[in-house]
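Trainee: Here is how the chains run, residue by residue.
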Amino acid sequence: MAEVTMRIWRGDASGGEFASYTLPQNEGEVVLDVVHRIQASEAPDLACRWNCKAGKCGSCSAEINGKPRLMCMTRMDSLPEGPVTVAPMRTFPIVRDLVTDVSFNFVRAQEVPALLPPPMPEGGYVMFQEDVERGQEFRKCIECFMCQDVCHVIRDHEDNKRHYAGPRFFIRYAELEMHPLDQNDRREYVREEMGLGYCNITKCCTEVCPEHIKITDNAIIPLKERVVDAHYDPLAWLGRTIRRKKKASSAEAAVQPAP
Amino acid sequence: MTDTYEHHDYDVLIIGAGGAGLRAAIEAKQRGLSVALVTKSLLGKAHTVMAEGGMAAALGNVYPEDSWQVHFRDTMRGGKYLNNYRMAELHAKEAPDRVLELEQWGALFDRTATGKILQRDFGGHRYARLAHVGDRTGLELIRTLQQKVVSMGTDVFMECKVLRLVHDASGKVAGAVAYWRATGEFVTFAAKSVVLATGGAGKSWKFTSNSWECTGDGHAMALWAGARLIDMECVQFHPTGMVWPLSVRGLLVTEGVRGDGGVLRNAEGQRFMFNYVAPMFRDETAESEDEGDRWYDDHSAGRRPPELLPRDEVARAINTEVKAGRGSPHGGVFLDIASRRTPEFIRRRLPSMYHQFMELAGVDITREPMEIGPTCHYIMGGVQVDADSAATAVPGLFAAGEVAGGMHGANRLGGNSLSDLIVFGRRAGMGAADWAESGEAATAMDAGEVDAAIAEALAPFARETGENPYDVHHDLQEMMQANVGIIRTQSELDEAKELLGGFAERVAHVRVTGGRAYNPGWNLATDLPSMITVSRCVTEGARLRTESRGGHTREDFPTADERLGTLNFAQTCPDGAWDGEYRIEESPLLAMPAELKALLEEAH
Numbered sequence: 686m687a688e689v690t691m692r693i694w695r696g697d698a699s700g701g702e703f704a705s706y707t708l709p710q711n712e713g714e715v716v717l718d719v720v721h722r723i724q725a726s727e728a729p730d731l732a733c734r735w736n737c738k739a740g741k742c743g744s745c746s747a748e749i750n751g752k753p754r755l756m757c758m759t760r761m762d763s764l765p766e767g768p769v770t771v772a773p774m775r776t777f778p779i780v781r782d783l784v785t786d787v788s789f790n791f792v793r794a795q796e797v798p799a800l801l802p803p804p805m806p807e808g809g810y811v812m813f814q815e816d817v818e819r820g821q822e823f824r825k826c827i828e829c830f831m832c833q834d835v836c837h838v839i840r841d842h843e844d845n846k847r848h849y850a851g852p853r854f855f856i857r858y859a860e861l862e863m864h865p866l867d868q869n870d871r872r873e874y875v876r877e878e879m880g881l882g883y884c885n886i887t888k889c890c891t892e893v894c895p896e897h898i899k900i901t902d903n904a905i906i907p908l909k910e911r912v913v914d915a916h917y918d919p920l921a922w923l924g925r926t927i928r929r930k931k932k933a934s935s936a937e938a939a940v941q942p943a944p
Numbered sequence: 114m115t116d117t118y119e120h121h122d123y124d125v126l127i128i129g130a131g132g133a134g135l136r137a138a139i140e141a142k143q144r145g146l147s148v149a150l151v152t153k154s155l156l157g158k159a160h161t162v163m164a165e166g167g168m169a170a171a172l173g174n175v176y177p178e179d180s181w182q183v184h185f186r187d188t189m190r191g192g193k194y195l196n197n198y199r200m201a202e203l204h205a206k207e208a209p210d211r212v213l214e215l216e217q218w219g220a221l222f223d224r225t226a227t228g229k230i231l232q233r234d235f236g237g238h239r240y241a242r243l244a245h246v247g248d249r250t251g252l253e254l255i256r257t258l259q260q261k262v263v264s265m266g267t268d269v270f271m272e273c274k275v276l277r278l279v280h281d282a283s284g285k286v287a288g289a290v291a292y293w294r295a296t297g298e299f300v301t302f303a304a305k306s307v308v309l310a311t312g313g314a315g316k317s318w319k320f321t322s323n324s325w326e327c328t329g330d331g332h333a334m335a336l337w338a339g340a341r342l343i344d345m346e347c348v349q350f351h352p353t354g355m356v357w358p359l360s361v362r363g364l365l366v367t368e369g370v371r372g373d374g375g376v377l378r379n380a381e382g383q384r385f386m387f388n389y390v391a392p393m394f395r396d397e398t399a400e401s402e403d404e405g406d407r408w409y410d411d412h413s414a415g416r417r418p419p420e421l422l423p424r425d426e427v428a429r430a431i432n433t434e435v436k437a438g439r440g441s442p443h444g445g446v447f448l449d450i451a452s453r454r455t456p457e458f459i460r461r462r463l464p465s466m467y468h469q470f471m472e473l474a475g476v477d478i479t480r481e482p483m484e485i486g487p488t489c490h491y492i493m494g495g496v497q498v499d500a501d502s503a504a505t506a507v508p509g510l511f512a513a514g515e516v517a518g519g520m521h522g523a524n525r526l527g528g529n530s531l532s533d534l535i536v537f538g539r540r541a542g543m544g545a546a547d548w549a550e551s552g553e554a555a556t557a558m559d560a561g562e563v564d565a566a567i568a569e570a571l572a573p574f575a576r577e578t579g580e581n582p583y584d585v586h587h588d589l590q591e592m593m594q595a596n597v598g599i600i601r602t603q604s605e606l607d608e609a610k611e612l613l614g615g616f617a618e619r620v621a622h623v624r625v626t627g628g629r630a631y632n633p634g635w636n637l638a639t640d641l642p643s644m645i646t647v648s649r650c651v652t653e654g655a656r657l658r659t660e661s662r663g664g665h666t667r668e669d670f671p672t673a674d675e676r677l678g679t680l681n682f683a684q685t686c687p688d689g690a691w692d693g694e695y696r697i698e699e700s701p702l703l704a705m706p707a708e709l710k711a712l713l714e715e716a717h
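So the protein lines, in turn, are chains A and B. The numbering used here applies: residue 686 is where the first sequence begins, and numbers increase by one. The numbering used here applies: residue 114 is where the second sequence begins, and numbers increase by one.
Quick caveat, the hints were computed from the structure, so don't treat them as lab data. Among the hints, a few may not be true.
With the Cβ distance kept under 7 angstroms, some of the chain B side facing chain A (calculated, not the full set) [unchecked claim]:
1. E119
2. H120
3. S154
4. M163
5. L213
6. G219
7. V263
8. A295
9. G297
10. P358
11. R629
12. A630
13. N632
Distance windows between CB atoms, simulated [what the hints assert, rightly or not]:
14. B:T626 / A:E878: 54 to 62 angstroms
15. B:E457 / A:P919: 43 to 51 angstroms
16. A:Q814 / B:T117: 32 to 40 angstroms
17. B:T679 / A:G808: 38 to 46 angstroms
18. B:T117 / A:E910: 50 to 58 angstroms
19. B:S551 / A:P804: 31 to 39 angstroms
20. B:T225 / A:N885: 54 to 62 angstroms
21. B:H443 / A:G696: 38 to 46 angstroms
Glycine residues also receive a C-beta, built at the ideal position from the N, C-alpha and C atoms.
Next comes chain A alone, as it looks inside the complex (with noise of 0.2 angstroms):
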């Protein structure tokens, strides 16, 4: 009978190693499916995250190969001949095994101000679908974090963590920004707070992220440009230098409680 070689990561926030298990190769299986059979037996201390195994909830992200897909959705055989490779996201935290400590896309999460929609007239609000498209292309986000694990800019530098909100939020930005009903105007935050400015368009998000949506195309560039119209336009700039005198942050100035 043919069989399957994973090596997978196993270990914590000291430190770790691969670990190689050696399982019975089963038609049709995904990763996921691979690493349930070596919990089940040797080792049901393995630490993965995991929920819907339907590529619904993007729980599974994991490094196969050294590229981050999610482990429900990626069929064994899709994958070259030989050991597969399975790690945790290496730009979270690690807390055991495949499973990473991913609570600053919460904190980004917190961050965000939300929609703030005019009152809600008799009936509902009317909003044609050419309107609700764009956003509905972000809004099929999954929050696997993936495209946030690719990006170079927290990936690599651990400092830029601190003020900057990566791909998964520049897309939550940008859908409030192009949502039919929003009121806030979130563009100078983004820009000062979020840190816009460090994404280079690189496209490695898009090029990661399950639910095929353009982040880079569609929603960050879109998101750059807004930001520069707004802050390069003169009487807009003259009316934050007015205004900057008396709060501590943009946000506090252009964005309101929703109700």
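Given the coordinates of chain A, work out where chain B should sit on it, guided by the hints.
Mentor: Just chain B, lined up with the frame of chain A:
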């Protein structure tokens, strides 16, 4: 003792962060109370995310003649009248407002040509009623609620698994004990009100659309804490799960495929559903393929095709076809949309189904039919609650969503789950807030209960010998699938009851290796008592319900029984021990007011 563990005090503790838990949190938070939202996964990963087709609400955007009355009637008929009528009534009346308010929080539903929320057809609903976003509506719901909860500054405890509810000295619920998955350290929450929003229990079966989370924790914790579980025998097997490859067997294929024109065929190419129209649905179902096909574009031009009967009817029919030898190569039947709609239409309306089949099975659904078969999907049974407040029999304890029973009766209609979450999530938040403000809430947790729960959780580490929890879980799933599956008989159910005694014994002796930090083997060991509890209740209810009704089908009692149609089976656990004695009793349905009864009797 309790003070040696990390401890938090809140007004309202919400266990579970799917649609119901998130919606409850919003409501309690808006009342100005302190709220803790505890989830055993990361925020936004709960099983709600897998819901595909939509949420049912009589908005009347596509068919203005739709109304809450018709939605109520459809829900009761779909549930074979076992529903808590008051829940079905509130649900039908309030779902439209709950859907509309999601747009204030950022949801972007698909639109009609006039800019309203588009609604799609689903089984058992007379009119196109499901607000949706392609086939990823659950993701839209959870993300919208999650973003709202986060923007309100709610305290969220992620990857924190609740083990047990804790009472005060007088028997009111006073909080819960949990552990952090990342470290294995214990944490206690004292709260005036506790809302269970823990979702379903499908992980006791082998072929299921449910994720690892659906282990029935809330069902079990409520039972152990003194609440009553009703209708536990009513488990929904969704007609269309993937059957191949084996590793994805059970994965959901949305009912939207059929709502958007897909049809079921057997190995002989026959649209067999025309042979399975029960008398109850004959008047409203098409008699020919032509008539059914006309209906998709205009519901007044024909009656609905039989592929869109309620899920229990379709699942049973598929099961019968496969047993009769007319199945597909991998033991299912064919679901065909490729021959009926253009590739562009399919990719636009069903993008994640396209993706799922392409990547996992190598099947292009725009060119070839899918192979599908029934999969354990949803449990209608759950904690008995007061419809208006979501209060359980235990003071201070509330329940909403799949963990609550009654709303869906013996069978849930597709699309009624997401709307259930937002209607009753909100009501549970209100009920919990009212109780927290009432001055009657518990004040102190029983330290003995906390210590006992922690000792039980740690016991598997102390055993020098014992079974791997994965082996016990695997065998439990095989047994439940074989004995308490889609079609049931007395002898198999009796055997299951017997075998479950043995499983309880095995669970009491599982051994966990490794440390406490992020140890999935340990996590599974702590899930097993819940899964045994749910399995016991489902089996016992199924033994006593000697009839076929909705999701509960008895081969030896193939028809509905009039008397059994007037009652729920309610189960309790008097001494609070998962492996102790449970009691089951008949509990009469609520009497329905005449004006609602009249709605059920109206011709369609």
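Trainee: Now, for every hint given, state plainly whether the structure supports it.
Mentor: Outcome of the hint check:
no. : hint                                : result
1   : E119                                : violated (17 angstroms)
2   : H120                                : violated (21 angstroms)
3   : S154                                : holds (6 angstroms)
4   : M163                                : holds (5 angstroms)
5   : L213                                : holds (5 angstroms)
6   : G219                                : holds (4 angstroms)
7   : V263                                : holds (5 angstroms)
8   : A295                                : holds (5 angstroms)
9   : G297                                : violated (10 angstroms)
10  : P358                                : holds (2 angstroms)
11  : R629                                : violated (10 angstroms)
12  : A630                                : holds (6 angstroms)
13  : N632                                : holds (5 angstroms)
14  : B:T626 / A:E878: 54 to 62 angstroms : violated (46 angstroms)
15  : B:E457 / A:P919: 43 to 51 angstroms : holds (46 angstroms)
16  : A:Q814 / B:T117: 32 to 40 angstroms : violated (57 angstroms)
17  : B:T679 / A:G808: 38 to 46 angstroms : holds (40 angstroms)
18  : B:T117 / A:E910: 50 to 58 angstroms : holds (56 angstroms)
19  : B:S551 / A:P804: 31 to 39 angstroms : holds (33 angstroms)
20  : B:T225 / A:N885: 54 to 62 angstroms : violated (42 angstroms)
21  : B:H443 / A:G696: 38 to 46 angstroms : holds (40 angstroms)
Violated hints, listed in ascending order, are 1, 2, 9, 11, 14, 16, 20; each of the other numbered hints is respected by the structure.
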